[in-house]
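Keeping their order, the protein sequence lines are chains A and B. Numbering follows my numbering, with no gaps: position 28 of the first sequence is 28. Numbering follows my numbering, with no gaps: position 88 of the second sequence is 88.
Treat the hints as calculated values from the structure; they're not laboratory data. Accuracy of the hints is not assured; some may be wrong.
It does not matter which identical chain is used: a pair holds within one copy or between any two.
Here are the simulated DSSO-like pairs of lysine-lysine, each with C-alpha atoms no more than 27 Å apart in a straight line [as the list claims (entries may be wrong)]:
1. Lys64 <-> Lys8
2. Lys23 <-> Lys8
3. Lys138 <-> Lys64
4. Lys23 <-> Lys138
5. Lys23 <-> Lys64
6. Lys138 <-> Lys8
Number of protein chains: 2
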Amino acid sequence: MIIHEDDKGLGFLLGDAARLLRKVIDRRLQPFGLTRAQWAVLAMLASRDGLSQSELADELEIEKSTVGRLIDHVEANGLIERRPMANDRRFWRVHLTEQARPLIARVTEVILATRTEMLSGLTDEQQRRLSDGLAVIKSNLSAALDSEASKPPAPLSEPC
Amino acid sequence: MIIHEDDKGLGFLLGDAARLLRKVIDRRLQPFGLTRAQWAVLAMLASRDGLSQSELADELEIEKSTVGRLIDHVEANGLIERRPMANDRRFWRVHLTEQARPLIARVTEVILATRTEMLSGLTDEQQRRLSDGLAVIKSNLSAALDSEASKPPAPLSEPC
DNA sequence: AGCATATAGTAAGCAAGCTAATGGTTGCGG
DNA sequence: CCGCAACCATTAGCTTGCTTACTATATGCT
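All chains should be built: construct the whole structure from the sequences, respecting the hints.
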């Protein structure tokens with residue numbers, strides 16, 4: 001049979017695991033006044049300080065509007081700041097503040113510990129295969145999204 | 001080195017893949033007036049009609065409050081209905097309406113096609129391993145969440 | 001120069017997660 | 001039988017995702 005409804009389907013499994021991970025991390029980051037999404041911004045800036053908001057959106061694979069609001073929150077907490085660019089006033093470069101560095105170091109430990117916990121019981125080989133599998137899925141889904149972006153114009157109404 | 005920052009870390013990878021899947025499915029279900037979360041409710045009821053809201057929340061692994069609002073939406077669309085239980089007025093049993101059945105059949109095809117697309121390029125064996133890996137992760141994260149629920153009471157203040 | 005187009009960011013509105021607090025029922029123990 | 005605890009559901013409020021529409025700035029073509 002085609003539909004081997006093993007348990008709930010791989011799609012649901014993926015969603016459940018991701019939701020659970022978000023929940024765990026949000027809990028553990030709460031003492032730091034951070035959420036998982038906000039941490040993603042900090043982690044990206046930690047290795048590539050000074051990105052613009054659009055670049056951040058690309059790297060984090062979320063929408064510009066989402067990243068904008070996210071930055072509002074983190075900036076309100078004093079961990080990052082927007083700096084105008086001299087030559088192009090449309091841009092803002094986002095930089096970590098001094099307070100951010102030590103906090104990032106501590107949060108990194110929490111994140112790594114959580115990752116270890118999440119992967120406990122899986123061999124390095126299994127982890128690698130999991131990574132590879134998820135990468136394939138991401139690539140397939142990106143392709144699906146792209147192919148959709150072109151079709152919608154005329155799926156059910158013929159011209160005149 | 002311990003932190004082999006391969007690309008973005010397995011945690012981010014997991015979140016990205018899940019977010020992408022949600023995006024694709026939400027798009028494809030939009031013509032049906034459904035979202036992925038609402039579909040989860042319908043899919044569950046399709047095999048186990050008449051669950052209570054709390055049972056649905058347990059099965060779907062989301063909070064009661066979330067499932068309540070979700071049911072509001074789907075009910076407003078006329079696909080399900082809440083029926084009071086005679087002997088216990090705290091309960092509502094959620095049932096599919098007649099209109100729901102044919103729609104569920106069509107949506108199921110879309111979902112299965114999307115799953116196939118998502119997994120294209122992965123052998124059955126790879127899919128199985130992916131499933132198993134995600135199941136382990138879910139179980140580890142559930143354990144992490146539980147162990148946290150017991151600790152918080154007294155992490156930093158000693159009794160008198 | 002001047003207008004059209006593209007690009008960076010913002011704003012508003014919806015869905016869906018979560019938590020915490022509330023109201024209404026039920027059931028049990030004294 | 002009365003009151004307390006447990007339980008179902010709802011409400012309100014927060015964050016984060018998306019979409020769509022808008023502003024402001026830059027660029028490019030005529």
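Verification of the supplied hints:
no. : hint             : result
1   : Lys64 <-> Lys8   : between (33 Å within a copy, 20 Å between copies)
2   : Lys23 <-> Lys8   : both (20 Å within a copy, 19 Å between copies)
3   : Lys138 <-> Lys64 : within (20 Å within a copy, 30 Å between copies)
4   : Lys23 <-> Lys138 : both (22 Å within a copy, 12 Å between copies)
5   : Lys23 <-> Lys64  : both (24 Å within a copy, 15 Å between copies)
6   : Lys138 <-> Lys8  : both (20 Å within a copy, 13 Å between copies)
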